[in-house]
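Chain by chain, the residues run as shown.
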Amino acid sequence: MEFDVIIIGGGIAGCHVAIELAKMGKKVALVEKNPHIGGLVNQIGLVYPTNDCASCMSPTAFHYDGGGFRKCFFSMNLEQFGNIQLFTLADLTNLKRENSHFSASWVQKPRYVSQDCDCCGLCELVCPYETEDEFNCSLISRRLIYLPHLNAVPHTYVVDREKCETCEGVCVSSCPRHAINLSEDPTTTEVTARSLVIATGLREWNPSPLEQMAYGRYENVITQLELARFLDPNGPTGGLVLNPVNDYPVNEVLIGLCSGSRDERYFDYCSGICCTYGLKHALYLRERGINVTICYMDLRLEGQNWIYYEQAKERDVNFVRGQIAFIERDPGTLELNVQLEDTLKAELIDLKEDVVVLTPALIPCERSDWFSQSLGLTHSRTGFFDHEGYSRKPFETEVPGLFVVGSAQAPMGLTKVSIQVDAVTLGILKFLEDS
Amino acid sequence: MTSVGIVLGSTRGMPALDVVKIIQVLNSHDIPAQVIPDLRTEKSNQELEGFIAKNRITHLIIGTPDRSEVLSFLPQRFPQIFLTILPLFEQPQTARIADSESFNQKAIHLLLAEHAAIISNKKLTPPEFLPESSVTIIGGGVAGIEEAILLSEFFTVNLIERTGQLGGNTALKKIAYPNQEEIAKLLKAKLELLCIKDNINIFLNANILDVSGNPGDFVIKFSNSEGPHEIKAGAIIISTGFREGQINPPFDDQPNCMTNEQLGGYLLSGEINSLVEGNPPKRILFVDLVYNEPYEIQWFYLLHQVIHLLKMGIDCHILTKNVHAPYKHEYLYREARSLGAQIIIGSLLDLDHESRGPLLATIDIDIPNSIIRLEPDCIVISTPLGPIPETEDLLKILALKRYESSFVFSPYSKLNPTWTGREGIFVGGGAWRPMTIPETLSHASASAFQVYQYLSRKLSPSINLMARVDESLCIGCEYCQRVCAFRAIEMIPTNNSSSDGTEKQVASIIKSLCKGCGNCSSTCPTGAIQLQNFDREYFFRKIETLLGLIKESTTEGPIIIGLTCQECAARSLELLEKSGIELPATFYNLLIPCAGRIGVIDLLKPLAEGADGVIVFKCPETSCHYFTGSHLGRLAVEFTQNILEEIGFQRYQVQACDVIAANSNRYESCINKMVFSIDQSRES
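Read top to bottom, the protein sequences are chains A and B.
Just so you know, the working numbering puts 78 at position 49 of the first sequence, and the rest follows in order with no gaps.
Just so you know, the working numbering puts 302 at position 272 of the second sequence, and the rest follows in order with no gaps.
Quick caveat, the hints were computed from the structure, so don't treat them as lab data.
Any given hint could turn out to be false.
Simulated pairs of lysine-lysine, DSS-like, Cα-Cα distance not exceeding 27 Å [unchecked claim]:
no., chain 1, residue 1, chain 2, residue 2
1, A, K459, B, K262
2, B, K635, B, K703
3, A, K459, B, K220
4, A, K459, B, K215
5, B, K312, B, K262
6, B, K215, A, K342
7, A, K62, B, K703
8, B, K426, B, K262
9, B, K572, A, K459
10, A, K459, B, K351
Under 8 Å between C-beta atoms, here's a sample of chain B residues computed to sit facing chain A [as the list claims (entries may be wrong)]:
no., residue
11, H473
12, S694
13, E698
Where chain B lies over chain A, by a calculated footprint (3+ residues, C-beta under 8 Å) [claimed, not checked]:
no., segment
14, 253-265
15, 286-300
16, 355-363
17, 416-422
For every residue, glycine included, the Cβ atom is placed at its ideal position computed from N, Cα and C.
The following block holds chain A by itself, in its conformation from the complex (with noise of 0.2 Å):
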């Protein structure tokens, strides 16, 4: 198959790339490796610097055609566009060069429910096993046959194969649509381009290496992403934060910044956006009536986002500069003794508190490595996909035709997304048109 251009990712820079490059006449393919699109953006709910749903959409051209258009990113669904072709719960196998073109293959896992669901849920219902919700942090279970979330895109039930081998296909026979098939197959599709598009964005670190800090050991130690899952709307808990412990509402939280980042040991750059999403969660918890501490080490806000921690000041929550020293919890009541070192007072500060949440650094997607062998692209010390110097914009890479946008290129909030997406589709154009 042809296109004119691949994206890898379809987070919310993915998706919004394609759909610019849509709207312009050009045939993308999106690979995405989840089920479903929007990427991080669908688990963080609400987001800065406007504190409104993530899955707004920048209007852009329609914005302009007379009014009575919506521009949220479900409602504009992707596959509402004929140019673009969704490839969904795709593993990527090959990807190079050659000739000024790309060409990818990849293996798409069968979904085996077809496009006939209407999402009735009855298979659901039926279902016998359960396994960990990845959508939801595995803060709740769900079935093998599951929606990943509500507002999932493509939305269609999936069926997670690898776990349910002894059931005898319950849910096939439950279907009233008869859009059940567990007999499906992989397909390998190989397509080719003139354009690609880096897109894979980044994850939170797994700080359980982080020995003072205990994650993993206790539940109630949780990171932003969950505590994220915790405060959506929309979420397991609809917008309760519970310890994870015995589900009770929480009183006191400790919100500990910088677990892993602008550390040696681990990761020796500054993740950028935490500061920023670590208050906004802050201020989240006191409209909850929830006493908030956070203990940072810099408050890295970029401009007008300093207003956070004014906010934050204004609202009485309780900001120590200092570092987490250990976290112990006390077997009968199951609270967590916390020592801070301030570092300005240079004292020691003992507190109790109900959760603590750690803000791991941001790195790179997993296939990171494997990207640049294949393409010959450079990341910096970091990790991510940037560069030095001022020859280049931050989306170009010195393989012509390919691009890096969103936070595959550093850690970036949606503003400077957004900007990215502007200016990543006019390159493409700009290229496509040269070559």
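With chain A fixed as given, assemble chain B onto it according to the hints.
Here is chain B on its own, set in the frame of chain A:
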């Protein structure tokens, strides 16, 4: 030649009259359209083939409720056709009494707009605007140059620069520190490109006097050494950039106090070696006065300077409240620390200068009763970054808003950070916020793309919703003009003077700008402005039929009418449907264009017809798609609440509720709250 055709697949669930109407409207716009039900059968396929051949269609838009039905075979059957499939007529179940009329209006509009978007965007050179279309870029810094180069591929570009030199801050060697060689190379390459393009006109030493005209057709008056000029512009980009602030008391009268930029100058010229009585300084104190508005670029330069000075053997102390070194700047910070830079967390209490001796700085550090005294030879101050002073006048001329920090305001800072809130005017580069050079180039490209997209669009005939004025009722009060966020209303004088002899003016709609939100119609004191297809009569008729039908039904419970904004709030309702949450059986929903369309009388009408409660579901005020609508909606609700008791109703019977798509539970809880309070008052 692209030719677009529209086919309506299965039309079940649509009244037959509507189908005829849709086809008529489409044909009147010269779009071939046909109904071909049940696309699966061989007969329909032949019909479709005939339709495609007859109209020579290269792009087919299919509106159908069964997306999968069409997707399964059409692409294989017609491989040469470019297909767009719209999931039409999927009506939310909550609109229990079919709101089919407005829904179909929307469907037509969707089809038309899609059609227009495809036709206009398929070609890379904009077809209609190109001959006279031009872009004016204000500011010839690195952002302005980048925009000019990118846009000169498509349009004529006029580049207006205030000073006599292109390159802005970047061309001044001082701020290009520390990589001035690479930057000089970059700038040289860009300027060379700029020179070989013959559709870029550069005006130096120019001063903007006035900007008039409508979006897409601005007229810009400016003067330079050759005298006054007047140019036309389809779009304007502001890229006036930023600059470093002045030194304020108590530092301004001190010797050896300077800004980061001035220090950069001394470092580059080598004057630093003879700064203190012919000798290099021994100790420099950097004072950060702008910790509460930290910008990456400022710390980037500061840390580079500190590293440079430490390598020269000069002691460096940095006094700040917060070290802002995000992402890779952490490496610089680390390097500065390892070379011996002292970071002091605190604030400056006092600065003394004894005659000819060194400075004496008294510093309050954050530990109680702790004070440090330092004797630096030199103080370097980080002053606030701001836009260049002339930007303020420019923004007044263009009637644009500013942030508190006086940079150019962008209402969609999350999604579209290059838009200024006024159609056809964009911001690029440091005029929006201070940025490093790579980021500036990104932002400039983004604004160039927005301009490209804006100018290459063809205005679609907006048949959906549009305001219209009944001139006989208009009293010229200008209220509508004030609430219109899109400046789509202008006041024009009429020939008929009013009874007392004074000249009368009436409102007039600029059709290309009207977005159909209806904010003007709810503000109009005489009802002269109405929203076509959603006017007062239509709304009243709708309410009357709705409540008439409800009264016939047998469901018991308080009747609640939801007026749901079709943007975020309607999305939230759809989400509720998906999650399977049951709303009370006596809740009925009506979609409205925007909460701002709803005036006091529209809120009272359902109550007068027998409803027990009215809830306006609107987007949060900060993310209203029409900017003022949500606010106006709240004002109308608050005003109605205040008068309800006087006319025999209860205050709680009219409510407003902010919902966003990600928070659908709020929708439900708001309805339940109202049901609860109505039930309670009935019991008592």
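Do the hints match the structure? See the list:
Note on K459 (chain A) and K262 (chain B): the hinted pairing holds, with a Cα-Cα distance of about 26 Å set against a maximum of 27 Å. Restraint check for K635 (chain B) and K703 (chain B): satisfied, since their Cα atoms lie roughly 22 Å apart, inside the 27 Å limit. About 17 Å separates the Cα atoms of K459 (chain A) and K220 (chain B), which keeps this hinted pair within 27 Å; it holds. Among the hinted pairs, K459 (chain A) with K215 (chain B) is consistent with the structure: their alpha-carbon atoms are about 23 Å apart, no more than 27 Å.
For the suggested pair K312 (chain B) and K262 (chain B), the alpha carbons sit about 57 Å apart, so the restraint of at most 27 Å is broken. Only pairs whose Cα atoms come within 27 Å are accepted, and K215 (chain B) paired with K342 (chain A) is rejected, the gap being roughly 46 Å. Note on K62 (chain A) and K703 (chain B): the hinted pairing is violated, with a Cα-Cα distance of about 42 Å set against a maximum of 27 Å. Only pairs whose Cα atoms come within 27 Å are accepted, and K426 (chain B) paired with K262 (chain B) is accepted, the gap being roughly 19 Å.
Between the alpha carbons of K572 (chain B) and K459 (chain A) the distance comes to roughly 50 Å, so the proposed pair goes past 27 Å and is violated. For the hint pairing K459 (chain A) with K351 (chain B), the CA-to-CA distance comes to about 45 Å; that exceeds 27 Å, so the pair is violated. Interface hint status for H473 (chain B): upheld, as the beta-carbon distance to the closest one in chain A is roughly 5 Å, under 8 Å. Residue-level restraint check for S694 (chain B) holds (minimum Cβ-Cβ distance to chain A is 7 Å; threshold 8 Å).
Annotation: E698 (chain B) was flagged as interfacial toward chain A, and the flag is violated, the nearest CB pair being 11 Å apart, outside 8 Å. Figure legend: the segment 253-265 of chain A, annotated as covered by chain B; annotation consistent (3 residues with Cβ-Cβ distances under 8 Å, at least 3 required). As drawn, the segment 286-300 of chain A meets chain B at 5 residues by the rule of a beta-carbon pair under 8 Å; at three or more, the given contact holds. Coverage of the segment 355-363 of chain A by chain B is violated in this model, with 0 residues showing a Cβ closer than 8 Å to a Cβ of that chain against a need of three.
Closer than 8 Å: that is the beta-carbon criterion, and the segment 416-422 of chain A has 5 residues meeting it against chain B, so the requirement of 3 holds.
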